[in-house]
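**Student:** Residue-level listing of the chains:
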Amino acid sequence: MAFMADRPDLTVDLGRGLQLRSPVMVASGTFGYGFDAPQVDRTALGAMVSKGTTLRPREGNAPIRIAETPSGMLNAIGLQNPGVDHVVRVYAPRWATWDLPVIVNVAGDTMDEYVAVARRLSGVTGVAGLELNISCPNVASGLQFGVDPVQAAEVTRAVRAVTELPLIVKLTPNVTDIVAMARAVEDAGADAVSAINTYIGMAIDVRRRRPIISRGSGGLSGPAIKPLALYAVWQVAAELHIPVIGVGGIMTSTDALEFLLAGAAAVQIGTVNYVRPQAAAEIRNGIADYLAEHGLPDIRALPIRSTSVLTHV
Amino acid sequence: MAFMADRPDLTVDLGRGLQLRSPVMVASGTFGYGFDAPQVDRTALGAMVSKGTTLRPREGNAPIRIAETPSGMLNAIGLQNPGVDHVVRVYAPRWATWDLPVIVNVAGDTMDEYVAVARRLSGVTGVAGLELNISCPNVASGLQFGVDPVQAAEVTRAVRAVTELPLIVKLTPNVTDIVAMARAVEDAGADAVSAINTYIGMAIDVRRRRPIISRGSGGLSGPAIKPLALYAVWQVAAELHIPVIGVGGIMTSTDALEFLLAGAAAVQIGTVNYVRPQAAAEIRNGIADYLAEHGLPDIRALPIRSTSVLTHV
Amino acid sequence: MSIAVERLSPSPSGGRQGWGVVVERSVPMAGAVELVVSQRSAAAAVAPGQFFQLGVSAPHTILRRPYSAAWSDPRGGRIGFIFNVVGAGSAWLAGLHEGDELDLLGPLGRGFDLEGHRPAICVGGGLGIAVFPGVVDALIARGRSVTVLQGARTAAQLLPASRFAGAEVHVATDDGSAGHHGSVVTLFSTPLTGEGEGIDILTCGPTPMLMALIDATRRHEIPLSAIQVALETPMGCGIGTCLGCAAPAAAGGYFLTCQDGPCVRADQIDWNLMTDGFHG
Amino acid sequence: MSIAVERLSPSPSGGRQGWGVVVERSVPMAGAVELVVSQRSAAAAVAPGQFFQLGVSAPHTILRRPYSAAWSDPRGGRIGFIFNVVGAGSAWLAGLHEGDELDLLGPLGRGFDLEGHRPAICVGGGLGIAVFPGVVDALIARGRSVTVLQGARTAAQLLPASRFAGAEVHVATDDGSAGHHGSVVTLFSTPLTGEGEGIDILTCGPTPMLMALIDATRRHEIPLSAIQVALETPMGCGIGTCLGCAAPAAAGGYFLTCQDGPCVRADQIDWNLMTDGFHG
Ligand SMILES: Cc1cc2nc3c(=O)[nH]c(=O)nc-3n(C[C@H](O)[C@H](O)[C@H](O)COP(=O)(O)OP(=O)(O)OC[C@H]3O[C@@H](n4cnc5c(N)ncnc54)[C@H](O)[C@@H]3O)c2cc1C
Ligand SMILES: Cc1cc2nc3c(=O)[nH]c(=O)nc-3n(C[C@H](O)[C@H](O)[C@H](O)COP(=O)(O)OP(=O)(O)OC[C@H]3O[C@@H](n4cnc5c(N)ncnc54)[C@H](O)[C@@H]3O)c2cc1C
Ligand SMILES: Cc1cc2nc3c(=O)[nH]c(=O)nc-3n(C[C@H](O)[C@H](O)[C@H](O)COP(=O)(O)O)c2cc1C
Ligand SMILES: Cc1cc2nc3c(=O)[nH]c(=O)nc-3n(C[C@H](O)[C@H](O)[C@H](O)COP(=O)(O)O)c2cc1C
Ligand code: FES
Ligand code: FES
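Chains as they are written, first to last, in this note's numbering: chain H, 1 to 313; chain P, 314 to 626; chain V, 627 to 906; chain D, 907 to 1186.
Derived by calculation from the structure, the hints in this document are not laboratory data. Here a beta-carbon is modelled for each residue, glycine too, at the ideal position from N, C-alpha and C. Worth double-checking, as some hints may not be accurate.
Said to hold, decoys possible - Per label pair, the in silico range of CB-to-CB distance:
#, chain 1, residue 1, chain 2, residue 2, range
1, V, 683, H, 252, 54 to 60 Å
2, V, 804, H, 19, 49 to 55 Å
3, H, 254, V, 801, 46 to 52 Å
4, V, 845, P, 369, 50 to 56 Å
5, D, 1002, V, 744, 53 to 59 Å
6, D, 1002, V, 824, 56 to 62 Å
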């Protein structure tokens, strides 16, 4: 089937001129700033999303930062990053020479910080778009921006006001109603949403009788969360008019296809990058093969939608 | 070490006279009504929780009802059960002859249904307590009882008013703030809470291009959710004055100990009952061995609590 | 309405958990593996058509996997399993070597009803044939006349007729490489259907094959009650506690495949709802 | 503050992923397994002290597992790994047979700095000894004088001195069953510390052992800069993308063990923050 792999149309339009040649992107925090994983075949990628970037450099959390759990991993990196200035001065010029759109994942403690980072990145050659990581706690309220539709809309609107870049808002799944969150950021001007960021979890070292992760809790990623992420995407894609990018536990092209069938316009792969550097290419090729086998012209033909799907009893 | 296994005190007091000889209970829906798994060593158990029971018999959802996911499983059984009358007439008299407290898991579509089931079970010999499954959608509001503190408190209060039985409320994790839910049901008169019920998830059959589970979504259980359940218990146990029963992904005594260290007074094991009938006994013995090795007199000495545990960044 | 309370008949649940040892591993037909497992008490307890929940330690799996006992030898204390690799669990099983241990829960469920005197026809499609070696032996031992109709994609994927000693064997292949060119169900023609007292049909295979067989028997005016089906549904526990293996009952509601089956009389199944079944 | 931007030195990341074949499996000391893996390009690329991320297909795991190359033979195209079973991943590795394939990502990180002329002392505790066969060979090949100090619980758990040809080997055991009765660090006495030009120390082992060694060297007025440590931290990726392997830097902030290490000069580590490290 590989001989048909190049024929189907794999391009994705995320809006505001952000065109991807492949529906497979690498997720924030799992590919650094693109300089550390030369094994990965960049031609298989539609875009790269950078590590979460803040206004000033951050050194991150004390070790231990990660722990493996059944079919998953917890992380509490603490947004270790060199700050937006370094990104603009050192990384962006190198990205500008690449044949791959780079989306910068933006994080902050306050509304002002998000706005300042977004403003600094706007108009910078090499920066193709922004992804707002709203899973950060708001220093002012203590709550994460991403768990309150009002705050999430505010930060989206504020960033939207200062940039013409394509704007993706990355949803946190740690909420009662992710659809309400998604609607709020769509109304506030997001061009697309990515769903989802990690689920908050914990692991305890029973020998030492303390949490493994120094910060107590961490974000759960990997195959363990795939069914949860898929359901989030299924719900959100049914209600939104902007593209939804599916993220969470994708390891294989079959996993990616589940998200595309659930209504995602594209996918991001995260944890798998740590495990199989060849995953991006395999997933892209697997999607192409599937389209060819099913006689589908492009990935826009994939989403299924059933009216008979009810809530879980 | 096995020779010390019987020495530590493994009893648990769940309040209102509900005393368990072991901190290991079997979770609702994973042990039927106690008549189907003769392989399980009942002497290892502190209590059995029955399948979710409604006012009238229910035939459950159309197949397919279950699907395996990475380190987990989805289920949408649809509360298949013979109805509370059958439970009272046929099962309770048999339970009354057992040396094991049986807690009936109570479900319903309306506040009145919960109350009617609870009333019917009160004073029945063989019924040692109730566990309210508030993950059911409220026919009146469409929302689950368990995602709204006001509704959850109301149903708890209404049931509390009609029964003297020990009352456990089982929390759903599909909420932004599980601590708020737990506080609401504590204030409304719950004797204990169990945390957690399943997480809503989904799986898609890419070959047939449709959800695997006939209802679209299902509840995720098994080791995949352990880190999430553990964090829920950690948070809830810090804030409540009533006992917290830890449930979610426990397969081994090490897993159970994670929950007890996180502050749980007891644990329930679910999915593992399908896989290893000997799990209950192994887990109970493993907890006893751990206490003995660490020179701890009883399981009340287990909970750790660190002030340095912050939210995930 | 048929719900858990009113099972088709009392529950046979309660197979035991125990460890067996793989004493033989072979390839009985192309694409399949046969494991012979030594476990005395389980081997002695098997009724033809019953299944085991096999423990697998494959990446990312948690549940046991249901497999019919292909045959059992109570005196030798051995059980045979025949399967193909379709996913992580079966791949793990296929990777076992002689001498490895295997975690068995069973035997579970109900086997076929083998009593009676009428000629028996066993119809197996694909890996559905795996359940029949033991069934045929038991039927022959009861002095019954047995015909085996076996269908496969291609000749190499047929279980050799020598596995059905004493029975008449007819085969069909999708590619015509052996026997009849086409579906196994088309083998089901008048000469086979017996006369007078009628016949008993025992079958196992993909749902589309079962549906086609039901249609064919209707045309031959064989009553559904003369047909027994070894059903395959997803299974959580295999012992009646998860309620995950529901199948639509002719009487309305659902029965549990692991308790009321896997071998069920065809007239107890609501075939209209089975179209949407597990096998596609 | 030392953050990702300003690494201790430029990143060596970029080990390749490839498949090797297990050509030998043995038990080099009680409780340990040694796998010899044939993979020509990887074997040729290893610098002593570097590690590989090994792919494992164990139940419920997802991440690769970091293992030092115990030694490598560039001409024979082979790499040795020595390890013990502590969990699912190592159990899976220990279950490999000759002829099985193994998924290697590497070599990764920085090895030891082997240049110089001073006598070298290699201090290994427990499985920390696993990294030294190749290191000692390389030091000897450079004409350096080498002493190996090896500690273990009991005599049977010591790697035989024959694995360190050309070096002087001293051992210590917790139970006194061989060599000195007590910690390997107490072997570290004046006669060994050399004179005049001083010595180089290369070490690997549990954090408490490393801390004790640091204390002992302070008493002997050996500068921290003369000590190199092969660090072990949890690892997500091994290639610098997950930032999960942070260790406290003497200059403040953190360095990445997989990029700036695993072999790091002891004066680059903030030992006060290491007390709470991974090994306990
Ligand atoms: C009572 C019973 C007896 C069985 N006896 C046999 C037997 O003797 N020989 C044999 O080869 N198989 C038999 N099966 C089917 C066997 O259980 C499945 O093939 C097996 O569970 C698949 O496990 P896996 O991990 O390899 O694949 P999974 O990764 O679980 O599934 C891989 C693919 O197979 C499909 N699948 C899963 N379970 C089944 C199933 N029960 N039937 C059909 N497709 C399925 C899945 O939908 C998926 O597409 C039996 C099933 C039942 C319920
Ligand atoms: C750079 C590097 C090189 C290493 N080289 C070797 C080697 O040559 N030989 C060898 O035997 N081991 C070595 N290790 C340790 C080895 O990586 C772990 O023992 C292994 O990952 C455990 O995997 P598991 O799945 O068996 O255990 P898991 O189930 O992952 O863990 C089991 C137990 O081991 C602990 N553990 C996990 N990782 C480590 C670790 N890195 N160090 C200490 N304890 C750990 C866990 O906390 C847990 O208590 C090295 C580690 C690193 C970082
Ligand atoms: C170590 C690690 C670091 C991460 N850092 C970020 C980050 O900085 N910003 C962000 O939005 N998401 C971050 N994520 C979340 C991922 O982008 C992704 O949403 C999540 O891991 C789920 O996808 P996966 O299961 O494919 O990994 C991080 C994930 C991991 C594992
Ligand atoms: C098949 C199945 C049926 C269940 N039925 C119920 C139920 O009727 N009522 C209820 O409160 N919980 C029910 N649960 C949830 C379990 O009691 C438990 O909360 C959950 O499975 C998490 O625990 P585990 O990971 O140990 O399985 C069910 C779970 C499964 C897997
Ligand atoms: S498989 Fe669990 S009830 Fe049948
Ligand atoms: S292990 Fe991932 S950055 Fe070092």
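**Student:** Now tell me if each hint is right for this structure.
**Tutor:** Now for the hints, and whether the structure bears them out:
1. At roughly 20 Å, the beta-carbon separation of residue 683 of chain V and residue 252 of chain H lies outside the given 54 to 60 Å, and the hint is violated.
2. One distance hint, 49 to 55 Å for the beta-carbon pair residue 804 of chain V and residue 19 of chain H, holds here, with the actual separation near 53 Å.
3. Under the hint 46 to 52 Å, the C-beta atoms of residue 254 of chain H and residue 801 of chain V, about 28 Å apart, miss the expected range.
4. For residue 845 of chain V and residue 369 of chain P, the hinted distance range of 50 to 56 Å is not satisfied, since their beta carbons lie about 42 Å from each other.
5. A hinted range of 53 to 59 Å for the beta carbons of residue 1002 of chain D and residue 744 of chain V is consistent with their spacing of about 54 Å.
6. Range check, residue 1002 of chain D to residue 824 of chain V: Cβ separation about 57 Å, and the 56 to 62 Å hint holds.
Figure legend: structure checked against the earlier numbered hints; hints not met, in rising order: 1, 3 and 4.
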